[in-house]
Amino acid sequence: MSRNLDVSPEVSDVVRAADTAKADNIKRLWNKSTPYWFVSPYLIIFGVFGVFPIFFMVFLSFHHWNPVAGLGSMRWVGLENYELALTDPMLWQAMWNTLVMALLSGIPQHLVALPMAYLLVSLGAHARHWLTTAYFLPYITSTIAVSMIFYIMYSPQSGLINHMLRALADGTLTSWAFGWINNFMPIAWLQENSLIRYSVSFVVFWKYVGFNIVIYTAGLATIPNDLYEAAKIDGASSFQRFRYIALPLMRPFIFFAVTLTIIGNMNLFEEPFVLTRGLQTAATNGMSISNYLYRVAWEWLDMGSAAAISWILFLVIGTFTGLYFWLFGRKGLEGN
Amino acid sequence: MIRILENEHYQRGVYLAGKLILWFILLLGVVITVFPFIWSAMLSTHDRSTMFSSTLTLQLSDQLVNNYHQLQQIMPFWNAMFNSMKVAGLGTLFSLLFCSMIGYALAVYQFRGRNVIFTVMICSMMIPPVLTLIPYFMVIDALGLTNTHLAVWLPFTISPFGIFLIRQYVVASVPRELLEAAKLDGASEFRTYWSVVLPLLRPGLATLAIVQFVMLWNNFLHPLVILNSREMQVITQVLRSVQSIPNTPWGAVMLGTTLSILPLLVIYLLSSKQMISGLTSGAVK
Numbered sequence: 001m002s003r004n005l006d007v008s009p010e011v012s013d014v015v016r017a018a019d020t021a022k023a024d025n026i027k028r029l030w031n032k033s034t035p036y037w038f039v040s041p042y043l044i045i046f047g048v049f050g051v052f053p054i055f056f057m058v059f060l061s062f063h064h065w066n067p068v069a070g071l072g073s074m075r076w077v078g079l080e081n082y083e084l085a086l087t088d089p090m091l092w093q094a095m096w097n098t099l100v101m102a103l104l105s106g107i108p109q110h111l112v113a114l115p116m117a118y119l120l121v122s123l124g125a126h127a128r129h130w131l132t133t134a135y136f137l138p139y140i141t142s143t144i145a146v147s148m149i150f151y152i153m154y155s156p157q158s159g160l161i162n163h164m165l166r167a168l169a170d171g172t173l174t175s176w177a178f179g180w181i182n183n184f185m186p187i188a189w190l191q192e193n194s195l196i197r198y199s200v201s202f203v204v205f206w207k208y209v210g211f212n213i214v215i216y217t218a219g220l221a222t223i224p225n226d227l228y229e230a231a232k233i234d235g236a237s238s239f240q241r242f243r244y245i246a247l248p249l250m251r252p253f254i255f256f257a258v259t260l261t262i263i264g265n266m267n268l269f270e271e272p273f274v275l276t277r278g279l280q281t282a283a284t285n286g287m288s289i290s291n292y293l294y295r296v297a298w299e300w301l302d303m304g305s306a307a308a309i310s311w312i313l314f315l316v317i318g319t320f321t322g323l324y325f326w327l328f329g330r331k332g333l334e335g336n
Numbered sequence: 001m002i003r004i005l006e007n008e009h010y011q012r013g014v015y016l017a018g019k020l021i022l023w024f025i026l027l028l029g030v031v032i033t034v035f036p037f038i039w040s041a042m043l044s045t046h047d048r049s050t051m052f053s054s055t056l057t058l059q060l061s062d063q064l065v066n067n068y069h070q071l072q073q074i075m076p077f078w079n080a081m082f083n084s085m086k087v088a089g090l091g092t093l094f095s096l097l098f099c100s101m102i103g104y105a106l107a108v109y110q111f112r113g114r115n116v117i118f119t120v121m122i123c124s125m126m127i128p129p130v131l132t133l134i135p136y137f138m139v140i141d142a143l144g145l146t147n148t149h150l151a152v153w154l155p156f157t158i159s160p161f162g163i164f165l166i167r168q169y170v171v172a173s174v175p176r177e178l179l180e181a182a183k184l185d186g187a188s189e190f191r192t193y194w195s196v197v198l199p200l201l202r203p204g205l206a207t208l209a210i211v212q213f214v215m216l217w218n219n220f221l222h223p224l225v226i227l228n229s230r231e232m233q234v235i236t237q238v239l240r241s242v243q244s245i246p247n248t249p250w251g252a253v254m255l256g257t258t259l260s261i262l263p264l265l266v267i268y269l270l271s272s273k274q275m276i277s278g279l280t281s282g283a284v285k
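Listed in order, the protein sequences are those of chains A and B. Last residue of the first sequence: number 336 in the UniProt record's numbering, and the count goes up by one each step with no gaps. Last residue of the second sequence: number 285 in the UniProt record's numbering, and the count goes up by one each step with no gaps.
The hints are simulated quantities; they were obtained by calculation from the structure and are not laboratory data.
Calculated cross-link-like contacts (lysine-lysine; reagent style DSS-like; alpha-carbon spacing at most 27 angstroms):
#1 B:Lys183 with A:Lys22
#2 A:Lys22 with A:Lys32
#3 B:Lys86 with B:Lys273
#4 A:Lys232 with B:Lys19
#5 A:Lys27 with B:Lys183
#6 A:Lys32 with B:Lys183
#7 B:Lys273 with B:Lys19
Given the sequences, and given the hints that come with them, work out the whole structure.
See below:
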């Protein structure tokens with residue numbers, strides 16, 4: 001240090017002490033700030049893509065805005081967007097569609113997954129692993145790929161599903177039971193407005209049932225074997241063991257899985273989007289709220305209304321999850 | 001009837017029949033889940049005429065090479081695959097870094113705002129992606145990032161699920177004494193994280209890597225609104241877009257669909273054990 005040269009030793013000591021104190025301070029400050037350095041990616045990215053937009057969405061929902069015309073074209077319209085959205089029969093239709101598809105795909109998912117998981121657990125670890133791997137496969141595959149495959153299978157003239165039904169109806173052994181199907185051939189699974197919800201729901205069911213099986217298998221594996229053994233000695237049948245031991249102890253898992261299904265199903269977008277060719281065919285009964293939102297924002301370029309619809313969707317999902325938590329939450333969470 | 005079933009004489013038979021039914025149900029489940037994949041692979045060897053014939057064809061045809069050429073005509077297939085690979089790869093790498101940093105900090109340090117961050121993070125898991133789609137698009141637009149790949153992976157590197165998974169992992173498998181020891185040896189905070197904690201987190205990071213890669217590879221909604229030029233588009237987008245071509249060569253499309261599934265299939269089959277256990281432990285506990 002150069003200043004040490006022209007000052008007396010006493011002064012230099014003071015300076016040195018001050019220096020170390022300063023260094024200590026910096027070090028303490030640095031140490032105190034370490035956790036913030038570690039979480040800074042979250043703060044920055046979530047701030048930019050999470051917090052700011054949420055507030056902007058509130059602002060936007062009171063404006064009329066076409067994104068092509070730039071930010072300057074924003075015009076204050078008050079509650080008009082909400083009014084327009086809520087009086088639009090299409091929105092109510094979309095909401096109803098979403099609810100119907102959520103129930104049609106959601107309830108069977110759990111009714112099938114629970115018993116399947118129960119059956120799986122009775123197998124050895126090796127067989128269980130391979131079966132679970134197979135069941136889980138649709139979940140990891142992209143919804144787009146899956147929906148494209150089903151789009152082909154649903155095709156009315158040449159699709160696999162109608163082929164199989166036709167084979168059943170014409171087969172010598174099966175025609176007495178399935179002959180009536182011929183009256184409805186070809187079945188337009190994705191073009192017929194009344195069928196489209198069922199067709200979409202089946203794809204959703206097919207894609208997510210394996211995920212639920214995996215969660216339930218994990219849950220069942222936590223139940224100690226002695227409980228089953230004890231029940232067996234008491235003479236409980238296999239079904240009784242499922243009903244009175246497995247089912248009650250599975251409550252937290254069921255609660256978790258159903259919550260995920262509710263949130264996921266209310267957000268249905270890709271399956272109807274692909275299966276109805278970007279909503280060109282049978283748009284009325286196949287359109288979910290998310291699809292409607294996409295259409296308002298990116299096809300009609302009405303961002304203000306879309307923002308208002310987003311908040312309505314948020315309210316709807318919040319209400320359903322809230323209702324579900326209120327009804328089943330205490331029972332569902334008590335195990336934890 | 002039940003009396004008969006409980007008769008010791010029949011016990012073995014009943015047991016066997018039960019086993020048989022059990023396996024029948026379980027394998028039927030496998031057939032139903034796996035069949036569509038096999039079907040799409042099968043269709044990728046057919047051309048339009050054999051595919052759309054009026055009889056059910058359950059055998060392979062000879063159009064695979066033809067379909068491959070057609071596939072490249074109707075969509076920039078390998079380019080889109082490369083884009084997907086890039087987006088999923090970069091996104092996964094950075095989310096491993098970010099999620100482990102954040103999860104580690106949330107597990108180890110006591111600091112002001114920790115609980116707020118944690119609560120906000122858990123709540124943000126509940127926000128549906130479509131809801132934030134418009135603001136996401138606007139921010140990307142304002143930053144001038146439309147039609148860039150950065151916009152499609154960066155915002156998803158701070159996956160709440162990943163942070164939560166890593167936090168649980170640190171709590172469970174990084175002993176406090178080890179961190180103290182590292183500090184006593186004079187390791188800086190970052191050094192402790194990098195050379196002591198990260199290696200311990202390897203199994204958790206592996207699970208997260210698979211999950212993130214799968215999510216980013218399969219993402220459709222965000223690329224759909226951000227990437228608009230043909231050469232930037234990812235595979236899910238490109239696959240979907242051929243639906244609007246008149247007289248779509250479905251054999252070629254099914255070939256593309258099958259090929260787009262293959263990378264995920266390989267990763268999944270190599271790591272299914274880890275992925276399934278990681279997903280359920282992170283999700284339920």
